[in-house]
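2 protein chains.
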Amino acid sequence: MKAKVYITPKEGILDPQGVAIERALPALGFKGVTGVRVGKYIELDLPGGGDAAAEVDKMCKKLLANPIIEDFQFELVPE
Amino acid sequence: MKAKVYITPKEGILDPQGVAIERALPALGFKGVTGVRVGKYIELDLPGGGDAAAEVDKMCKKLLANPIIEDFQFELVPE
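From first to last, the protein sequence lines stand for chains A and B.
Our numbering puts the first sequence at residues 28 to 106.
Our numbering puts the second sequence at residues 28 to 106.
I should point out that these hints are in silico values taken from the structure, not numbers from a laboratory.
Since this is a predicted model, take the numbers as computed values, not measurements.
Note that beta-carbon positions come from the ideal geometry of N, C-alpha and C, so glycine has one too.
Just so you know, not all the hints are guaranteed correct.
As the list claims (entries may be wrong) - Label-pair restraints from in silico Cβ distances:
(1) A:54 x B:95: 16 to 24 Å
(2) B:84 x A:88: 30 to 38 Å
(3) B:81 x A:47: 17 to 25 Å
(4) B:47 x A:77: 18 to 26 Å
Stated by the list, open to error - In silico negatives: residues of chain B with every beta carbon more than 12 Å from chain A:
(5) 39
(6) 41
(7) 94
(8) 95
(9) 96
(10) 105
Said to hold, decoys possible - Below, simulated SDA-like cross-link-like pairs (lysine to any residue); rule was C-alpha separation at most 25 Å, straight line:
(11) B:31 x A:55
(12) A:88 x B:54
(13) B:85 x A:88
(14) B:88 x B:45
(15) B:29 x A:49
Next up, chain A with everything else stripped away, as it sits in the complex (with noise of 0.2 Å):
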């Protein structure tokens, strides 16, 4: 079973990478552009067995990611 997991900042909370791309968008020709923001795409590979949904957001809430400041999705995708 393969977990795509999903982070990005949370409502609110400043994202300078997501500034930063914004800000050098126009210089290279791209108008208009807004809200961007930045966060994390991280794959996985689970074992079999057990309770993969509830594996995986365990792993975001005490490694993955930091859910004071933000948030995570995930899918999982049979092999």
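On the provided structure of chain A, position chain B as indicated by the hints.
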């Protein structure tokens, strides 16, 4: 139009963040997790008009991803 961009290290490129996570998981009670790869997840709002897919493709190649060591995929979500 919203774009969601997924950037991953190319196959064979060393991913130190992924290695660090993979080594940390067993100590937290998650056994047998392999193939951890850490990339970036970027959300942005595009202005209307023009060929959104072509624009985002160009943004990825010019700024968001490093095509030498990273792959990217994106999806467009109408609002």
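Hints versus structure:
Taking the beta carbon of each, residue 54 (chain A) and residue 95 (chain B) are about 22 Å apart, inside 16 to 24 Å as hinted. At roughly 35 Å, the beta-carbon separation of residue 84 (chain B) and residue 88 (chain A) lies within the given 30 to 38 Å, and the hint holds. Distance hint check for residue 81 (chain B) and residue 47 (chain A): the Cβ-Cβ separation is about 23 Å, which falls inside the suggested range of 17 to 25 Å. Evaluation of the 18 to 26 Å hint for residue 47 (chain B) and residue 77 (chain A) yields a pass: the beta carbon distance comes to about 23 Å.
Interface exclusion of residue 39 (chain B) from chain A stands, the closest Cβ pair being 15 Å apart, more than 12 Å. With 12 Å as the threshold on Cβ separation, the claim that residue 41 (chain B) sits away from chain A holds: the shortest Cβ distance comes to roughly 15 Å. Every CB of chain A lies more than 12 Å from the CB of residue 94 (chain B), the least distance being 15 Å, so the non-interface label holds. The beta carbon of residue 95 (chain B) is kept farther than 12 Å from every beta carbon of chain A, the shortest such distance being approximately 18 Å.
Against chain A, the non-interface label of residue 96 (chain B) holds: every CB pair exceeds 12 Å, the least being about 15 Å. In this structure residue 105 (chain B) is separated from chain A by more than 12 Å, as the shortest Cβ-Cβ distance comes to about 15 Å. Note on residue 31 (chain B) and residue 55 (chain A): the hinted pairing holds, with a Cα-Cα distance of about 19 Å set against a maximum of 25 Å. At roughly 15 Å between alpha-carbon atoms, residue 88 (chain A) and residue 54 (chain B) fall within 25 Å of each other, so this suggested pair holds.
The hinted pair formed by residue 85 (chain B) and residue 88 (chain A) fails the criterion: a straight-line CA distance of about 35 Å is larger than 25 Å. Proposed proximity of residue 88 (chain B) and residue 45 (chain B) is supported: the alpha carbons are some 23 Å apart, at most 25 Å. Between residue 29 (chain B) and residue 49 (chain A) the CA atoms are separated by roughly 14 Å; this keeps the pair inside 25 Å, and the hint holds.
The structure does not agree with numbered hint 13 stated previously, though it agrees with all others.
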